[in-house]
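For the protein sequence lines, the chains are A and B, in the order given. If you're matching positions, the first sequence starts at 1 in the numbering used here and goes up one per residue. If you're matching positions, the second sequence starts at 1001 in the numbering used here and goes up one per residue.
Simulated from the structure, these hints should not be mistaken for lab results. Treat each hint with caution, since some may be false.
[Claimed, not checked] For lysine-lysine, the following DSS-like pairs were computed, each having C-alpha atoms within a straight-line distance of at most 30 Å:
#1 A:434 / B:1109
#2 A:434 / B:1111
#3 B:1212 / B:1225
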Amino acid sequence: MSGDSAASAPGRSGARAGRPVGRKRRYLAGGLLHGGVQGSPVLRLFMRWVRRPLLPVIRLWRRNLQLKVVVTTLLMSLGVVLLLGFVVIGQVRNGLLDAKVKASQSQATGGFAAAKQRADEAATAAGDAGTPVDDRPSQNVIQWMSDLVYSLSSGGQGAFDVVTLPAGGDSGGGRGPRASGDVAPSASIPESLRERVDSSTAAAQSYTRIVYNSSEASQPALVIGKRVNDPNGDPYQLYYLFPLTQEEKSLSLVKGTLATAGLFVVVLFGAIAWLVVRQVVTPVRMAAGVAERLSAGRLQERMKVTGEDDIARLGEAFNKMAQNLQLKISQLEDLSRMQRRFVSDVSHELRTPLTTVRMAADVIHEAREDFDPVTARSAELLADQLDRFESLLADLLEISRFDAGAAALEAEPIDLREVVRRVVTGAEPLAERKGTRIRVTGDQQPVVAEADARRVERILRNLVVNAVEHGEGKDVVVKLAAAGGAVAVAVRDYGVGLKPGEAARVFSRFWRADPARARTTGGTGLGLSIALEDARLHGGWLQAWGEPGGGSQFRLTLPRTADEPLRGSPIPLEPADSRGRRTAEGTAPPSGGARAATVPAQQSAGPGQARPARDPIPPRPAAAPPAADPTALPGNGARVVPRPVSPARRQDGPSAAEPPAAHGDGHPAGGPEEDPNSQGEACRGR
Amino acid sequence: MMSFMKGRVLVVDDDSALAEMLGIVLRGEGFEPSFVADGDKALAAFREAKPDLVLLDLMLPGRDGIEVCRLIRAESGVPIVMLTAKSDTVDVVVGLESGADDYIVKPFKPKELVARIRARLRRSEEPAPEQLAIGDLVIDVAGHSVKRDGQSIALTPLEFDLLVALARKPWQVFTREVLLEQVWGYRHAADTRLVNVHVQRLRSKVEKDPEKPEIVVTVRGVGYKAGPS
Chain A
1 MSGDSAASAP GRSGARAGRP VGRKRRYLAG GLLHGGVQGS PVLRLFMRWV RRPLLPVIRL
61 WRRNLQLKVV VTTLLMSLGV VLLLGFVVIG QVRNGLLDAK VKASQSQATG GFAAAKQRAD
121 EAATAAGDAG TPVDDRPSQN VIQWMSDLVY SLSSGGQGAF DVVTLPAGGD SGGGRGPRAS
181 GDVAPSASIP ESLRERVDSS TAAAQSYTRI VYNSSEASQP ALVIGKRVND PNGDPYQLYY
241 LFPLTQEEKS LSLVKGTLAT AGLFVVVLFG AIAWLVVRQV VTPVRMAAGV AERLSAGRLQ
301 ERMKVTGEDD IARLGEAFNK MAQNLQLKIS QLEDLSRMQR RFVSDVSHEL RTPLTTVRMA
361 ADVIHEARED FDPVTARSAE LLADQLDRFE SLLADLLEIS RFDAGAAALE AEPIDLREVV
421 RRVVTGAEPL AERKGTRIRV TGDQQPVVAE ADARRVERIL RNLVVNAVEH GEGKDVVVKL
481 AAAGGAVAVA VRDYGVGLKP GEAARVFSRF WRADPARART TGGTGLGLSI ALEDARLHGG
541 WLQAWGEPGG GSQFRLTLPR TADEPLRGSP IPLEPADSRG RRTAEGTAPP SGGARAATVP
601 AQQSAGPGQA RPARDPIPPR PAAAPPAADP TALPGNGARV VPRPVSPARR QDGPSAAEPP
661 AAHGDGHPAG GPEEDPNSQG EACRGR
Chain B
1001 MMSFMKGRVL VVDDDSALAE MLGIVLRGEG FEPSFVADGD KALAAFREAK PDLVLLDLML
1061 PGRDGIEVCR LIRAESGVPI VMLTAKSDTV DVVVGLESGA DDYIVKPFKP KELVARIRAR
1121 LRRSEEPAPE QLAIGDLVID VAGHSVKRDG QSIALTPLEF DLLVALARKP WQVFTREVLL
1181 EQVWGYRHAA DTRLVNVHVQ RLRSKVEKDP EKPEIVVTVR GVGYKAGPS
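Work the whole structure out from these sequences, hints included.
Next up, the structure:
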């Protein structure tokens, strides 16, 4: 039974499934064609080429639940319909054929019996007639066979045809192929059936197609064959051919009906799925839209709720959530407003009397030459401490402004070189007092970013002044860089540096490296906290790196445009001339030398008085418990190289360390690091 | 010249201690201060005293400082310096937009205050007759007038100074810092918002379309320059 005339549904599905398969095949062929080495780029190219037109479809597929459900339903119902169709068609076919085969078999059996009978009759007739001569009977057989075929087929009246074929390869004795109804005998009988008929005396059957000698179209048929003997007792093959045209017609009618019905069912399923999903998806989409508007700040948005089903419950829960959110947010807003108001009021109430005091103190200070020494000194102290009080108040107010969320960013494109120049100029007097030189690198090209110049300047002033104060009179390097969507300014000093864990804590409010130390220098302890808040306000990072005795580096990274998130910084947090880096580079002798190099710092730190260099650390922003530290630094946070300290301490005593230190100095890592090295020497010389 | 710079200063402040202290400092520098403590009476006091400069506290009983500033500016171009306890952006900008020329944040040092007052009172000693052109404006520096097509445009002294500074060097782009130094007399970089606000105010008076300025042109990322004439 020819499957190719089957219903259209399988054909359609075949074409559908065929598309991706075809692609894969082609892609495989491509891969094979171009061989292993070149294969992958070609493949990639090919995949890209294949995927490009598919991308919108893929995106739609990913984003549209309704489409997904409808397509899945369509595919699954198609599968079910196909399966059902095959089963039903199979059943119908079996039913039709079974009846036909049974009828055919009885017809054929009758035919075979008739042929046998006629052969027997002819044989006895010939026997009765007298001398059987060799050539006469054969003449008779030819005639007899033709008669047989004619008579056998005449009973069928088109319901079947009869074919005789010689048994085996033997074609003599008039047993050539004969056929009724213009059937091409040898072409219509399959070879396998002939062999089977030859090999046994039982009847055998097979399906075939009747081929006609005339131009009539071939048609499917059942053929039943048997080896029978002719009047001479020689075997020949007798075949009955029953055309199955009628059955095929019935079957294709059934197929067509099934296909049409299946198609309708599939389309209907699709439509139903679409409708059902729409019922669910529409409220979900509405919820998504409302949630988006809520998150955009329109807190009064609510979902429309109808009925009492699950969707309605979702809507109610959603609305309840939105209401609670709105309540909480408005509470927080009130709180923030109150705090802002409070800060503003406190600010005003404190500042007005402070202004009077300030002016009075200045007037007194101006006139101090006329006073006796005690009063004059008092006037000086008064003025100095008023300065400190003022800056502390200013910093406190600034911090509480940040806490209240009242700080606003006024970003505009600024050239950071300008800011750095102003900051460096401003820090020059302090640097001169400390004997420090401030170098600026990376300022050949403009370093432009959208930022609040006032805040950036405040951050950088803080960093540079800190670096100068803690730099022990060594160079302070301000480095600028821009790359990708970020700009960065790093302030490097070669002072006492930071101990492990301090790099994160320097940003804590009122943090001091050594709480036991009295506060000697100015500074409110809030500078770096404010700087960190300023950086955050820009969406930027402020990070610290330091190693004990090796100085520190503070890096400010800002996004080039205000609304762009930061992904990296153009300047590495750990400077290239850090001890860790230099050791890692491998030019220095194995860790021994580098480790030893840090030892003098440790050693002279012990005695205390011998090392004024230790002093600058304590005044750094101070004291708060570590728990409060804003370690929530973006990016990789702050980092410290702890390596040099403890091993040096554990291994060699302070005294034993002196010679290796000199040894370590003998191995500068190379040209660019000349400066830090000479600095290091200067340090050790002390 | 020093004597020329001395002048009458009206102090509008409700805090009597601060007002007295201001009086001491101002007299010490040779100014003639007069005082008013109430916002409602400030305008009357201003008309009576005819000061050369107004020191104005933003927080006042009665009318607040912003309102007083607006009223005074409505009838006079006399320099106004705000005293404010709030350095927040919004407060400062609102103050400047209401017509103040400069502001000083409490607590301030007497020297700083005096420097600001002097900078505002400094009138360049009889300038040589000078005609400048910027865009389609004609500026008579000595006559202190700006005209477009013969129509004169009223500017405050500060706005005039700002315009003249830009017009004198039309080829130069002025950064906000440079303008602060030349026009406001700040030696150290201060708040560039001063410049922004005053440029806006100047534009609203001299530009045909302040949205599309042709006289005072913004150079993005740098500052301002005079438009082509």
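Quick rundown of the hints versus the structure:
As the CA atoms of residue 434 of chain A and residue 1109 of chain B are separated by approximately 27 Å, the hinted pair is consistent with the 30 Å bound. For the given pair, residue 434 of chain A sits about 27 Å from residue 1111 of chain B by alpha-carbon distance, which is consistent with the 30 Å threshold. At roughly 14 Å between alpha-carbon atoms, residue 1212 of chain B and residue 1225 of chain B fall within 30 Å of each other, so this suggested pair holds.
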